[in-house]
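Number of protein chains: 2
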Amino acid sequence: MSGSLVVVGLGPGAEAQMTPQALAAVEAADELFGYGPYLARAPERDGQIRHASDNREELDRATLALQRAVAGARVAVVSGGDAGVFAMAAAVCEAMEKGPENFRAVDFSVVPGVTAMLAVAARVGAPLGHDFCAISLSDNLKPWPLLEKRLKAAAEAGFVIALYNPISKARPWQLGAAFELLRTVLPVSVPVIFGRAAGRADERITFATLGEADAGIADMATCVIIGSAETRTIARPGLEPLVYSPRSAR
Amino acid sequence: MSGSLVVVGLGPGAEAQMTPQALAAVEAADELFGYGPYLARAPERDGQIRHASDNREELDRATLALQRAVAGARVAVVSGGDAGVFAMAAAVCEAMEKGPENFRAVDFSVVPGVTAMLAVAARVGAPLGHDFCAISLSDNLKPWPLLEKRLKAAAEAGFVIALYNPISKARPWQLGAAFELLRTVLPVSVPVIFGRAAGRADERITFATLGEADAGIADMATCVIIGSAETRTIARPGLEPLVYSPRSAR
Chain A
1 MSGSLVVVGL GPGAEAQMTP QALAAVEAAD ELFGYGPYLA RAPERDGQIR
51 HASDNREELD RATLALQRAV AGARVAVVSG GDAGVFAMAA AVCEAMEKGP
101 ENFRAVDFSV VPGVTAMLAV AARVGAPLGH DFCAISLSDN LKPWPLLEKR
151 LKAAAEAGFV IALYNPISKA RPWQLGAAFE LLRTVLPVSV PVIFGRAAGR
201 ADERITFATL GEADAGIADM ATCVIIGSAE TRTIARPGLE PLVYSPRSAR
Chain B
1 MSGSLVVVGL GPGAEAQMTP QALAAVEAAD ELFGYGPYLA RAPERDGQIR
51 HASDNREELD RATLALQRAV AGARVAVVSG GDAGVFAMAA AVCEAMEKGP
101 ENFRAVDFSV VPGVTAMLAV AARVGAPLGH DFCAISLSDN LKPWPLLEKR
151 LKAAAEAGFV IALYNPISKA RPWQLGAAFE LLRTVLPVSV PVIFGRAAGR
201 ADERITFATL GEADAGIADM ATCVIIGSAE TRTIARPGLE PLVYSPRSAR
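Top line first, the protein sequences correspond to chains A and B. Mapped onto the UniProt record's numbering, the consecutive letters of the first sequence carry residue numbers 1 to 250. Mapped onto the UniProt record's numbering, the consecutive letters of the second sequence carry residue numbers 1 to 250.
Next up, chain A with everything else stripped away, as it sits in the complex:
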């Protein structure tokens, strides 16, 4: 029997934002691997084995999943959002490259999903309406000076910036430092959106400007979108404001 491994993006959280392809991939699996809260989103199936893990052991989890596929299991590795954006697909590819030759012979595929920044952007208008970038603010796997370089380059070149993994217990100061740095490049009036758990029951969307943005608003489940100098806020009487980045620029 020949196994397989699929890395599945479950979307931002709401069931209606998970694609039929993702649902089918999860349902077809013999064994599911993933961070506990993501596994909890996949519908239960009799006889299916679930390997829940901490969200920091990504390479170990990827290796174990590949070993199970080599042994003949149909394996699904689940990620929140999209599988390829700061998620498990890169970790599995890394394990395939570093591991034994039979890892590279595994029937391997990736199912994309709606990544967090798209769900947050949809909730507030179209802040990603022109050129933008996505940066993981975690300096566990890359040095902080490289993050500073990327933030500065992106802001100076007029990209809207979406920040993933903005803050955690072990990384309490990085988001505040990022705001400080961006205030030296961008107008303080630039819109900032803190999008927590977009589309889920515990959703919380907070609007701010770069000048007043408080890193304490964010938690691990927050995606922070920082506009460019072109990004605009539309006031609407009795309604939430809209934030959008115009398609045209000078």
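Be aware that a few hints might be false.
Note that identical chains are pooled: a pair holds if it fits in a single copy or bridges any two copies.
[Claimed, not checked] Taking lysine-lysine and the DSBU-like style, the derived pairs with C-alpha atoms no more than 35 Å apart in a straight line are: (1) 152 x 98; (2) 142 x 152; (3) 169 x 142; (4) 142 x 98.
Since the hints were derived computationally from the structure, they do not count as laboratory data. No experiment lies behind these values; they were computed from the predicted model shown.
Starting from the known structure of chain A, arrange chain B on it as the hints suggest.
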């Protein structure tokens, strides 16, 4: 009767990659607006009016859609991929800002979708596995020197680059010029992926290196992903290569 307007991202093309939320939003509409090929993807419903348009008249289409919502219709404006990434959500926001006051009182929402770069990335591994940016290469709405500045800044700072709208009959030379510029900044060994119509029947995925990348491979329906200096290609005997960008960097 109070109307509404929803901008819907239909995903990259395959039906299994459209979210249930997008399908429901399209089915609930009285009137659909959009570029003809996108409208063709939405299931037909009796009594539903369809306004197909050229893909260049975005602001006019947005204004007409808002007028219909003000008149009481439940309107859906459809986009391929995600609604907020180089698509109709920003055009509708712009029309709301520039238009009469009653445009800003419309019940307005956006339904996100799987945008093209995520679908292309999933097909080849995890090229967007670390910090990345998305750039529309169209200089219809922004000057070419600004695009050069963004391409250079992104490559120098180590972002993977996803290019939307890489080429058209009216813009035949820009993608070649972008490759030329990037060759002055990045190693010629950097992987380049031409992802055309990912997930559709007429899909075509082409692997190249930056040194040999030929702009002629791309067409309007292609998303081009250009790796960073860290992006790696894994050869697999008898299988397509995998391309991924490692989570860690120095």
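Cross-check of the supplied hints:
With identical chains, the CA atoms of residue 152 and residue 98 are at most 35 Å apart both within one copy (33 Å) and between copies (32 Å). When the C-alpha separation of residue 142 and residue 152 is checked against a cutoff of 35 Å, the pair qualifies both within a copy, at 16 Å, and between copies, at 21 Å. For the identical chains of this complex, residue 169 and residue 142 are intra-copy neighbours only, at 18 Å inside a copy versus 41 Å across copies, given an alpha-carbon limit of 35 Å. When the C-alpha separation of residue 142 and residue 98 is checked against a cutoff of 35 Å, the pair qualifies only within one copy, where the shortest distance is 19 Å, while the shortest distance between copies is 43 Å.
Hint check: no violations occur; every hint is consistent with the structure.
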